[in-house]
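Participant: These are the residues of each chain, in order.
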Amino acid sequence: MIRAIIVGAGRIALSHLPHIQNHPDVELVAIVEPNRISRFVIHRLSKIKVVPSLDDIDRSCFDAAFILTPPQTHFDIGKSLIDDYKHVFVEKPLTLDATQSERLIDAAKIHRIQLSVGYVYRFHPIYNKVRTVIDSGIYGPIQSANIKMSGNVVSEKAPKSWRNSGLGAGCLFDYGCHAIDLSLFLFGRPYNVQCLEKEEFFRRGVVDKFLARLEYRDEPNFDAGIFCNWSDTTVRKAGIIVELDMLRHSLWSDGQLIQVRGDDDLDYSIKDLDTDVPYYLRGEEFQRQLDVFVAGIKQEEKNYDYAEDAVLCDEIISKLHECAL
Amino acid sequence: MKIYFGDNQFLGVNHSGGKGMSYLERYNNAADVAITLREAWDVGIRDFCFTVDRKTVEAVCLIVEDCPFNLHPAIPYAHGVNDLIAQKGIAGALFSKAATAGFPSLILAAVKALFGRYDHTFRILIATEIDGIPFDNVKSIGLLNIASDFLLGLNRMDLLRSFYRVVERDFKKKPCFYTMNFPLMADALWGGGYTNCALIFNYNSAGFRTNPNLGEVQSYIRKYESNESIAMSIFSGGDVDQVGKLLRDTPELSGVLFGTSKKANMISNMQRFDIG
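Protein chains in written order, with the working numbering: chain A, 741 to 1065; chain B, 11 to 286.
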């Protein structure tokens, strides 16, 4: 049994908590949450011991930690835990600085502990199918690609939080980084990154919409447009759309369906894919992500491929964040 | 087998982008929803399951005198809650919901919750959410899977049972639980002696979201054959012609919940379920 703690009991914790508490191989021993009201609510809800600081927990009483705090805290908390030989799951993005992210991976490798990052779309059945279709090469090389993430998650009236003010605020660090990571998952490392458009709707310095171009110059040669708008009031449910132009076919997917159009049309629905999970809440991907993290802890040989992509993702986020238009 | 009409098509949910949007455009207002509900009544459907979306509730009010459906509202309406959180944050959304219940009632619920008694909180939440729905026609009150499966994951059987108790005792209706984890939920409620409730869960020949797997779901339908099990998403994936076989394989099933925007589909589905 893996004894685990959760650090941070904000909105994303509500998605992870039921999976963690329900997992047969994980025993949740404590939750760390500095906010008094959140601490009270999460304790009433989970009945798990909740403490205000990591210093309030005896480090010998847990093996793994889920870091679900705002991004600017990820490095310090993560480094401290990895140095204590704790397996660590970090919500995305890994950190706000690729150099720091690199240091986390290096430490994880030295201590031979599992390091995973919460890019949950990598575990989504449909986007895995998209990757399988691309990798199979049956429709020829990609000519161009677009990945678009839209949602209505931050509004003008939204109360001030780490999402819309201060370090790590804005859609590059939250929803947008999913679109960037999905590009890495589907196409690999780009040759170059360009920021084409950034908009701030509500607060100065906080990006609410961006358009970037990732250039792939190895075989195949193509550009991938990455778009995110997290304040689109016309969107009912946040989601990612993938569009690909291949040699003789086009592919479109929205997370429910893949449509391939060309000489011969073909549709793949999520309903036709393997969706079995031992516990379901808000999609298969949360359970599968947790299962992979748990399996990684148990394995002798650790795999850092996804975590290394998360470092690359941080590098791209930083470039886009810093570029002036 | 009892047939329940569902409302996914009115909300454009669980449909791929283009189809979902076209449903939203088609069911732009309550009058549009009411037209389809009248068609459902005309073909002989008598039970309507719906989330407490304002447009759907308005449609129900428009047609309920002519078409006195047995109503099965379910809470909470997830998109409404999401929009509220986007506008006000989690704390603001909670306060906003609670404020509509009235301050004294809120204080009482908070004090009772402090001592681990949640019935009053559920009473307030349910009363707020089903406000405006013709109460005499309401036969059951459901807890949607986003809430019920969340509590299941947290192992908070006490809260699931509190909902059950409040619906049955205070509202005098049948409790109903939507779930994507049917075997786990069946053991938690029916297995725990809370048998006077319906469970609504995915069941289809393709095994789409029939967690943990189709075989296990089938064995649990049989295991709890005397309880009220209602299949939804029965046409999801696989061959439509397989639906009849699936239903014949599990005669223990109590009902089927389906939604469609087309009258022709209502009729053919009723025939498929062998009651048309």
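No lab work stands behind these hints: they were computed from the structure. Glycine residues also receive a C-beta, built at the ideal position from the N, C-alpha and C atoms. Take these hints with a grain of salt, some might be off.
Subject to a maximum C-alpha distance of 27 angstroms in a straight line, what follows is the list of computed DSS-like cross-link-like pairs (lysine-lysine) [stated by the list, open to error]:
hint : chain 1 : residue 1 : chain 2 : residue 2
1    : B       : K149      : B       : K182
2    : B       : K273      : B       : K255
3    : B       : K272      : A       : K897
4    : A       : K1011     : B       : K149
5    : B       : K182      : A       : K1011
6    : A       : K900      : A       : K888
7    : B       : K255      : B       : K233
8    : A       : K819      : A       : K888
9    : B       : K272      : B       : K255
10   : B       : K255      : A       : K1011
11   : A       : K849      : A       : K977
12   : A       : K819      : A       : K977
13   : A       : K949      : A       : K819
14   : A       : K897      : A       : K977
15   : B       : K65       : B       : K233
16   : A       : K888      : A       : K1038
17   : B       : K255      : B       : K65
18   : B       : K182      : B       : K272
19   : A       : K1011     : B       : K272
20   : A       : K977      : B       : K65
21   : A       : K977      : B       : K272
Derived, one-sided and incomplete: chain A residues facing chain B with beta-carbon distance under 8 angstroms [claimed, not checked]:
hint : residue
22   : Q761
23   : H783
24   : R929
25   : N932
26   : Q934
27   : L936
28   : D1005
29   : D1016
30   : L1021
Participant: Give a verdict on every hint.
Facilitator: Comparing the hints with the structure gives:
About 9 angstroms separates the Cα atoms of K149(B) and K182(B), which keeps this hinted pair within 27 angstroms; it holds. For the hint pairing K273(B) with K255(B), the CA-to-CA distance comes to about 23 angstroms; that is within 27 angstroms, so the pair holds. Only pairs whose Cα atoms come within 27 angstroms are accepted, and K272(B) paired with K897(A) is rejected, the gap being roughly 40 angstroms. For the hint pairing K1011(A) with K149(B), the CA-to-CA distance comes to about 31 angstroms; that exceeds 27 angstroms, so the pair is violated.
Pair hint K182(B) plus K1011(A) does not hold up; C-alpha atoms about 37 angstroms apart against a cutoff of 27 angstroms. Distance restraint check for K900(A) and K888(A): the Cα-Cα separation of roughly 26 angstroms lies within the 27 angstroms cut-off, and the hinted pair is therefore satisfied. With a C-alpha separation of about 19 angstroms, the suggested pairing of K255(B) with K233(B) holds against the 27 angstroms cut-off. For the hint linking K819(A) to K888(A), the alpha-carbon distance of about 33 angstroms lies beyond 27 angstroms, and the restraint is violated.
A threshold of 27 angstroms between alpha carbons decides the hint, and for K272(B) with K255(B) the separation of about 23 angstroms falls inside it, so the pair holds. Between K255(B) and K1011(A) the alpha-carbon distance is near 19 angstroms, which keeps this suggested pair within the 27 angstroms criterion. About 38 angstroms separates the Cα atoms of K849(A) and K977(A), which puts this hinted pair outside 27 angstroms; it is violated. Pair hint K819(A) plus K977(A) does not hold up; C-alpha atoms about 35 angstroms apart against a cutoff of 27 angstroms.
Taking the CA atoms of K949(A) and K819(A), the gap is about 31 angstroms. The hint is violated against a cut of 27 angstroms. For the hint pairing K897(A) with K977(A), the CA-to-CA distance comes to about 19 angstroms; that is within 27 angstroms, so the pair holds. With a C-alpha separation of about 38 angstroms, the suggested pair K65(B) and K233(B) falls outside the 27 angstroms cut-off, and the hint is violated. About 36 angstroms separates the Cα atoms of K888(A) and K1038(A), which puts this hinted pair outside 27 angstroms; it is violated.
About 36 angstroms separates the Cα atoms of K255(B) and K65(B), which puts this hinted pair outside 27 angstroms; it is violated. This hinted pair does not check out: K182(B) and K272(B) have alpha carbons roughly 34 angstroms apart, beyond 27 angstroms. For a cut-off of 27 angstroms, the pair hint linking K1011(A) to K272(B) stands: about 21 angstroms separates their Cα positions. Under the criterion of a C-alpha separation no larger than 27 angstroms, the hint pairing K977(A) with K65(B) is consistent with the structure, at around 18 angstroms.
Simply put, K977(A) and K272(B) have alpha-carbon atoms about 25 angstroms apart, close enough for the 27 angstroms limit, and the pair holds. Interface restraint check for Q761(A): the shortest CB-CB distance to chain B comes to about 6 angstroms, inside 8 angstroms, so the restraint holds. Interface hint at H783(A): violated, since its Cβ lies 12 angstroms from the closest Cβ of chain B, which is beyond the 8 angstroms cut-off. Annotation: R929(A) was flagged as interfacial toward chain B, and the flag is violated, the nearest CB pair being 29 angstroms apart, outside 8 angstroms.
Restraint check, N932(A) versus chain B: the minimum CB separation of about 30 angstroms is more than 8 angstroms; hint violated. Below 8 angstroms, beta-carbon pairs count as interface contacts, and Q934(A) has none with chain B, the closest being about 27 angstroms; its hint is therefore violated. A distance limit of 8 angstroms between C-beta atoms decides the matter here; for L936(A) the minimum to chain B is near 24 angstroms, and the interface restraint is violated. With its C-beta approaching chain B no nearer than about 15 angstroms, D1005(A) sits outside the 8 angstroms limit, and its interface hint is violated.
Annotation: interface hint on D1016(A) holds; nearest CB of chain B at approximately 5 angstroms, less than 8 angstroms. Annotation: L1021(A) was flagged as interfacial toward chain B, and the flag holds, the nearest CB pair being 5 angstroms apart, inside 8 angstroms.
Violated hints, in rising order: 3, 4, 5, 8, 11, 12, 13, 15, 16, 17, 18, 23, 24, 25, 26, 27 and 28; the structure is consistent with all others.
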